[in-house]
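Engineer: Chain order of the listed sequences is A and B.
The first sequence begins at 705 in the numbering used here and counts up one residue at a time.
The second sequence begins at 705 in the numbering used here and counts up one residue at a time.
Just to be clear, a hint being listed does not mean it is correct.
To give a feel for the contact side, a few chain A residues facing chain B, derived at Cβ under 8 Å [stated by the list, open to error]:
1) 911
2) 933
3) 965
Calculated directly from the structure, the hints in this document are not laboratory data.
Beta carbons are placed, not taken as given, at the ideal position from N, Cα and C, and that holds for glycine.
There are 2 protein chains.
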Amino acid sequence: MAVATDLMGSSEFSGKTLAVCGPGLLGGSVLMEARRLGFRESRAWSRRPEGVAAVRASGLVDHASDDVGAVVRGADVVVLSVPVEAMPRLAEEMVPVLRGTGVVVTDVGSVKGWVEERVAPVLAAAGISFVGAHPMAGSEKGGLGEARCGLFAGAACIVTPRDEDSAAAGLVRRFWEAMGCRVTAMTAGEHDRTVARVSHLPHAAAVLAALTALGPDSAVGRFAAGGLRDTTRVASGDPSMWRGILVTNREAMMPVLAEFRAQTDRLMGLLERGDGEALQALLEEAKRLRETRYS
Amino acid sequence: MAVATDLMGSSEFSGKTLAVCGPGLLGGSVLMEARRLGFRESRAWSRRPEGVAAVRASGLVDHASDDVGAVVRGADVVVLSVPVEAMPRLAEEMVPVLRGTGVVVTDVGSVKGWVEERVAPVLAAAGISFVGAHPMAGSEKGGLGEARCGLFAGAACIVTPRDEDSAAAGLVRRFWEAMGCRVTAMTAGEHDRTVARVSHLPHAAAVLAALTALGPDSAVGRFAAGGLRDTTRVASGDPSMWRGILVTNREAMMPVLAEFRAQTDRLMGLLERGDGEALQALLEEAKRLRETRYS
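Chain A with its partners taken away, still in its complex shape (with noise of 0.2 Å):
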């Protein structure tokens, strides 16, 4: 990690002014660290008065508004952890605020290329430097309340500076280090071929596999065990936030969906001809994949 933080939070972010738009989990665990980090001030938007509450309540803040300006306004850093969709809409809210003013914007989106066309673009005509990112410490459990110290701890991150050997691009690789994060850089395309293949598309699977087992008929639930329940945990996960991954991220599933739909039918293909040896080998190779990243 290249920030140096010692025991007195002395760092590179000291005597700062962060600012979280999107308090969940995420940005409360953003939050938590931040104070580790010798952040001077921490303050929270959210649009919902009973966001702006929760996380008043939680003492994480030393600001909370529904007022984005107020807000971000002086703000050293300043995270997006909103859904992707409502990314564009507070980009402009706070752009007469920030502009003109050092700040660097950050987001946790777990979509990229559509942030970079959407959001980057609005901040740019401003001179405000976004750099975005994707810390890959998600759950199907969201909320502030889910919130907590170390949930950054060895994630993966995944930052998608135009330029990075910016200054912005610097201080957001840093930054996400300093959560905890191992931070790659890579294109906003790589990024989101990236995911759909690895988050997406389990999350797909899982969808579909709820659906078609316990859809049609549900006496038969109770016969489910610990495969069932694994396999579809990611399900339970939140239908608008992953509404919006799946619809934003749509360029990237597409393929993958249908590279998913044709192992579907290899399979269905071998069990029609009772090809036990081709079975088999498939069956070996989904393990081994699986338990080469997953001892």
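Mind docking chain B on chain A? Use the hints.
Structural biologist: Just chain B now, kept in the frame of chain A:
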């Protein structure tokens, strides 16, 4: 539970002889519970010499051998816990020794129609009672080394007696209840359609997700997190065991896989049209179905 077992291990199984053919995860765990139930003698058969050596070394049995006749001779209860495809040959091998005795044979196979067609008639022709069972306590980690006391505690067990009122059906029900299972009786066909949906389909989905997510580009694997890990957990199961399950339950699996493919098509159609509302309804339905079963 219908069986009474006092602290001295006295039960209807007291003084009886148990023979387990294939002492792996399930068979080994049956042997561990057998002592508690007061069986006078426990024996195990394995086709492989290493299997015989391992169960001997475990101290779980009074006698172990690769000679099936020697192991089942004089047994009161025989448990077939070998892969489904190996059962017909094993049944044929034990007929000469069991003919005309009062033995009751049961099994642990994940598929019941195939067993009813190929195992039950072999035994019935010799007047030997057979009642199929499927204790749903498997795991992606198999083998005698994984066997444990309490494996069956609270697990669902489906039994498929041809005549539910027969003495053998009653004994097999009480045997699996005494192991700790919640026992339900149904026809072999009902069983196979149920497990195709809640067990074999999730297994297929996990395998297909592993192949699609990790197959084409091993570099993406390092960005795979908990979602893919859990969604694909069961894909680490024994390929030859799962080949047997899928091939022998092919008839029930094909329509369920066709439904799964239709759900995939439905998801792809919604994404292609960018129909966010219908997509959200689909995600909400999957979440609701899953949470009805797993809170």
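Engineer: Look at each hint and say if it fits the structure.
Structural biologist: For each hint, the structure was consulted:
| no. | hint | verdict |
| --- | --- | --- |
| 1 | 911 | holds, 4 Å |
| 2 | 933 | holds, 5 Å |
| 3 | 965 | holds, 5 Å |
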